[in-house]
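In our numbering, the protein residues as written are 193 to 977.
It is worth saying that the hints were derived from the structure and are not from the lab. Beta carbons: idealized from backbone N, C-alpha and C, even for Gly. Treat each hint with caution, since some may be false.
Derived DEER-like restraints, expressed as beta-carbon distance ranges [stated by the list, open to error]:
id : residue 1 : residue 2 : range
1  : V866      : N656      : 28 to 38 Å
2  : D628      : L509      : 18 to 28 Å
3  : T712      : R363      : 41 to 51 Å
4  : V866      : E744      : 30 to 40 Å
5  : G517      : R590      : 46 to 56 Å
Keeping only pairs whose Cα atoms sit at most 25 Å apart, straight-line, the calculated BS3-like set for lysine-lysine is [claimed, not checked]:
id : residue 1 : residue 2
6  : K659      : K613
7  : K730      : K714
8  : K697      : K686
9  : K566      : K499
10 : K394      : K382
11 : K846      : K881
12 : K382      : K499
13 : K416      : K678
14 : K566      : K548
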Amino acid sequence: MDINSYNSAKQAALKRYFSRMNDMQQEAVFTVNGPVLVLAGAGSGKTTVIVNRIANMINFGNAYFDTSRQGNDDDTAFLKEYAEGRTDDFDTLRDIVAVDPIRPWNILAITFTNKAAGELKERLSAMLGEEALNIHASTFHSACVRILRSEIEALGYGRDFTIYDSDDSQRMIKNVMGELDVSEKQLAPKAVLSEISFAKDKMITPAELRADAGQDYRKKMISKLYALYQERMRAANAVDFDDILVLTVELFEKFPEVLEKYRNRFKYIMVDEYQDTNHVQFRLVSLLSGGHRNLCVVGDDDQSIYKFRGANIENILGFEEQFEGAKVIRLEQNYRSTQTILNAANSVISNNNGRKPKTLWTSGEQGDKVYWYKAVDETDEAKFVADTILASYKETGRYSDNAVLYRMNAQSNSIERMLVKCGIPYRVYGGMRFYDRKEIKDVTSYLSFINNHNDMLRFRRIINEPKRGIGDSTLTVIEDISRDLKISPFEVLKNCEEYAPLSKKVTALRSAYQMFEFLTEKSEELPLDEFLDVLLDKTGYLDSLKALENAETKIENVQELRTSMAQYMEQAEEPTLGGFLEEVALYTEADRDDGSDDKVTLMTIHSAKGLEYENIFVVGMDDGIFPSSRSFDSEDDMEEERRLACVAITRAKKRLYLTNASQRMIFGQTQRNVTSRFMREIGSELIEKHDNAAAMKKHLEENDKSVTEVRSATLQQQLARSKKASSAPKEAVTYTAGEKVSHSIFGEGIIVSVTPMSNDSMLEIAFDKVGTKKIMANYAKLKKL
DNA sequence: CGAAATGGCATTTTT
DNA sequence: TGCCATTTCG
Numbered sequence: 193m194d195i196n197s198y199n200s201a202k203q204a205a206l207k208r209y210f211s212r213m214n215d216m217q218q219e220a221v222f223t224v225n226g227p228v229l230v231l232a233g234a235g236s237g238k239t240t241v242i243v244n245r246i247a248n249m250i251n252f253g254n255a256y257f258d259t260s261r262q263g264n265d266d267d268t269a270f271l272k273e274y275a276e277g278r279t280d281d282f283d284t285l286r287d288i289v290a291v292d293p294i295r296p297w298n299i300l301a302i303t304f305t306n307k308a309a310g311e312l313k314e315r316l317s318a319m320l321g322e323e324a325l326n327i328h329a330s331t332f333h334s335a336c337v338r339i340l341r342s343e344i345e346a347l348g349y350g351r352d353f354t355i356y357d358s359d360d361s362q363r364m365i366k367n368v369m370g371e372l373d374v375s376e377k378q379l380a381p382k383a384v385l386s387e388i389s390f391a392k393d394k395m396i397t398p399a400e401l402r403a404d405a406g407q408d409y410r411k412k413m414i415s416k417l418y419a420l421y422q423e424r425m426r427a428a429n430a431v432d433f434d435d436i437l438v439l440t441v442e443l444f445e446k447f448p449e450v451l452e453k454y455r456n457r458f459k460y461i462m463v464d465e466y467q468d469t470n471h472v473q474f475r476l477v478s479l480l481s482g483g484h485r486n487l488c489v490v491g492d493d494d495q496s497i498y499k500f501r502g503a504n505i506e507n508i509l510g511f512e513e514q515f516e517g518a519k520v521i522r523l524e525q526n527y528r529s530t531q532t533i534l535n536a537a538n539s540v541i542s543n544n545n546g547r548k549p550k551t552l553w554t555s556g557e558q559g560d561k562v563y564w565y566k567a568v569d570e571t572d573e574a575k576f577v578a579d580t581i582l583a584s585y586k587e588t589g590r591y592s593d594n595a596v597l598y599r600m601n602a603q604s605n606s607i608e609r610m611l612v613k614c615g616i617p618y619r620v621y622g623g624m625r626f627y628d629r630k631e632i633k634d635v636t637s638y639l640s641f642i643n644n645h646n647d648m649l650r651f652r653r654i655i656n657e658p659k660r661g662i663g664d665s666t667l668t669v670i671e672d673i674s675r676d677l678k679i680s681p682f683e684v685l686k687n688c689e690e691y692a693p694l695s696k697k698v699t700a701l702r703s704a705y706q707m708f709e710f711l712t713e714k715s716e717e718l719p720l721d722e723f724l725d726v727l728l729d730k731t732g733y734l735d736s737l738k739a740l741e742n743a744e745t746k747i748e749n750v751q752e753l754r755t756s757m758a759q760y761m762e763q764a765e766e767p768t769l770g771g772f773l774e775e776v777a778l779y780t781e782a783d784r785d786d787g788s789d790d791k792v793t794l795m796t797i798h799s800a801k802g803l804e805y806e807n808i809f810v811v812g813m814d815d816g817i818f819p820s821s822r823s824f825d826s827e828d829d830m831e832e833e834r835r836l837a838c839v840a841i842t843r844a845k846k847r848l849y850l851t852n853a854s855q856r857m858i859f860g861q862t863q864r865n866v867t868s869r870f871m872r873e874i875g876s877e878l879i880e881k882h883d884n885a886a887a888m889k890k891h892l893e894e895n896d897k898s899v900t901e902v903r904s905a906t907l908q909q910q911l912a913r914s915k916k917a918s919s920a921p922k923e924a925v926t927y928t929a930g931e932k933v934s935h936s937i938f939g940e941g942i943i944v945s946v947t948p949m950s951n952d953s954m955l956e957i958a959f960d961k962v963g964t965k966k967i968m969a970n971y972a973k974l975k976k977l
């Protein structure tokens, strides 16, 4: 018996089983043990690799690289037959080669979005059938919530904790700021929240932030707010999105036996989109994989575009150092785009320094050159897009082949208008999420409060919605009592007669209590959807909606919530109110999108990641828009813009259209921008340049006229303004970095940088008291010192 | 308390 | 320019 021939026959047979994949992809699929980094370029079949790798783990285990198992001559003969395609007997193949096949429930596959998790589950089911149901495929957040639901008591929270979304967090921080008398003008709630979030990601506690602040007034204030915010969250038995991850890490770090339990449960871990992980996520993954080290991360450093929300590209760049002995597999063969498009992407991204060198290639055709349309203004740009789409529609009869991508949402406006004008159906991605609508948030707030009687924030939201005569002042009293006596708002209502300050409101409070008491009871007795009907009726909320404008839409939305509740009940093993609320908190609009009708898609480049279209239009290739002017003074930010460009380019399968405009109206102001530097970086040999000569000429002729018109308009405005202020029009003052200035609101500071912009310049000023701010020179009330 | 008016603000976004 | 959140007024 010849072991080598068994082994090589086995490898050949397995290669045939996974023959739909190229050699590099197979390498990733067969490598089951130890740390693995799969650098998967755009369109390189990343998801396919993940799905097949899991299939390999479950069916064959470490069969491919194993040398311990031996086979007899019959086995070898069978394997040869299989390899040559003379038999398809899968069961026998598995029996002969499998080595320690991995049980589905020992696999944890983590994605960033629910949509990705859903797709993964679907593809796994298609490939593996029933067994796939036992694979834990979910987002970081749902995986952690699941763990916290059974373990969080160790950290002093209750199991029925409520998840606060960003809107809730914002309300909470505003409340906290009000309590500490911090004006929202002095410190933007959004900024405070983002600093808290940043601190949480770094796992810095309020006390540590405080210690770190030293004499920095702003930092000290933020640490105070952070401390109170956490205190209130805990009292409400609520966690925010950051907490979900942070608390899980805390749990694992404080309780080794709990960590051990989950290490044993999740023996094999895969992380998708690893380039977008932040610090806590890295820590979490490190902890979980710490014992067995079976960690496979998949991602593309060239597509890391979420630095602004905490993604740390160093996680993927440093993987080999952090996980010693990691195997690195590069997937560079692209199955999506033409070679020309790939060359454009390669060419742009090669200007970045902080990256792992990769070159995308395809065995497919060269394809057409990149089409550059140099528009006169944003209307001309939109017209070009619409015309081109119409032309393609004539050929293919499909609108859905086309997507228009832009750097910022504000750019969609001009495109939308033109598409409407030309009768082209379209859909805009992003925007208001279903669960963010007021009526939906109100109803879920009712549900939340009934589910968690400590949830003060939700209680506040709905106690007087519809009006029950319980206004702000009464609420403040309730809140104080609840805090002082450490009891829930529900309890305060229950015992309202006992508290003197509430004596005038006893009737209203009593009836509110009875209502919530009744609903709480019903929530335990009735099926969820029936309970919702009772709630809508008993609270009078549905009736109150009827009186509003757009009542129909709002009622429809509430009905839709009922539908998703019914769906949840069908799909969940054990439907509970808490479970439903968890879904509401963790799931987003994108998960409900079907995308089935024939429409052009409009979206930001960020939301286009992972998608592909025959024809891609990237509009606004102006320096200042894309790349964003905010990235001009930081090389790191510019590199991220460049990665974004790479993402945009590689969305196109067949044709790529890039447009810029010599003049464009944005935020009510006309800007003149030079062509995006990325156009130059693509290289002229890949580009076919076009413009609208007639429009250009007309534009030039009109330009003198329009400029004078604009001037006279501004002059008039200035005159009007000066009349109001009864002072002479401002003289243009020039500023230079290093100058000391005084601002009417922010106080004294030093100019850090001066960026000239159209007719004005943007000053970055480090104020002594309020930190660094960006201000337009002409608008700032500045005095030179 | 609710509608109207003002004012400030404007990358990118998932959970 | 257009949206929103907050203020202001009746």
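Quick rundown of the hints versus the structure:
Checked against the hint of 28 to 38 Å, the pair V866 and N656 fails, with Cβ atoms roughly 55 Å apart. Taking 18 to 28 Å as the suggested C-beta distance range, the pair D628 and L509 does not conform, at roughly 35 Å. Distance hint check: the CB atoms of T712 and R363 are about 23 Å apart, inconsistent with the given range 41 to 51 Å. For V866 and E744, the Cβ-Cβ distance of about 49 Å falls outside the hinted range of 30 to 40 Å, so the restraint is violated.
Under the hint 46 to 56 Å, the C-beta atoms of G517 and R590, about 49 Å apart, fit the expected range. Restraint check for K659 and K613: not satisfied, since their Cα atoms lie roughly 44 Å apart, outside the 25 Å limit. As the CA atoms of K730 and K714 are separated by approximately 11 Å, the hinted pair is consistent with the 25 Å bound. Distance check on the hinted pair: K697 and K686 sit about 13 Å apart at the alpha-carbon level, within 25 Å; holds.
With a C-alpha separation of about 31 Å, the suggested pair K566 and K499 falls outside the 25 Å cut-off, and the hint is violated. About 18 Å separates the Cα atoms of K394 and K382, which keeps this hinted pair within 25 Å; it holds. With a CA separation close to 17 Å, the supplied pair K846 and K881 stays within the 25 Å bound. Of the pairs offered as hints, the one joining K382 and K499 holds, with about 17 Å between alpha carbons and a cut-off of 25 Å not exceeded.
With a CA separation close to 21 Å, the supplied pair K416 and K678 stays within the 25 Å bound. Distance check on the hinted pair: K566 and K548 sit about 33 Å apart at the alpha-carbon level, beyond 25 Å; violated.
The structure fails to meet hints 1, 2, 3, 4, 6, 9 and 14 from the earlier list, while all remaining hints are met.
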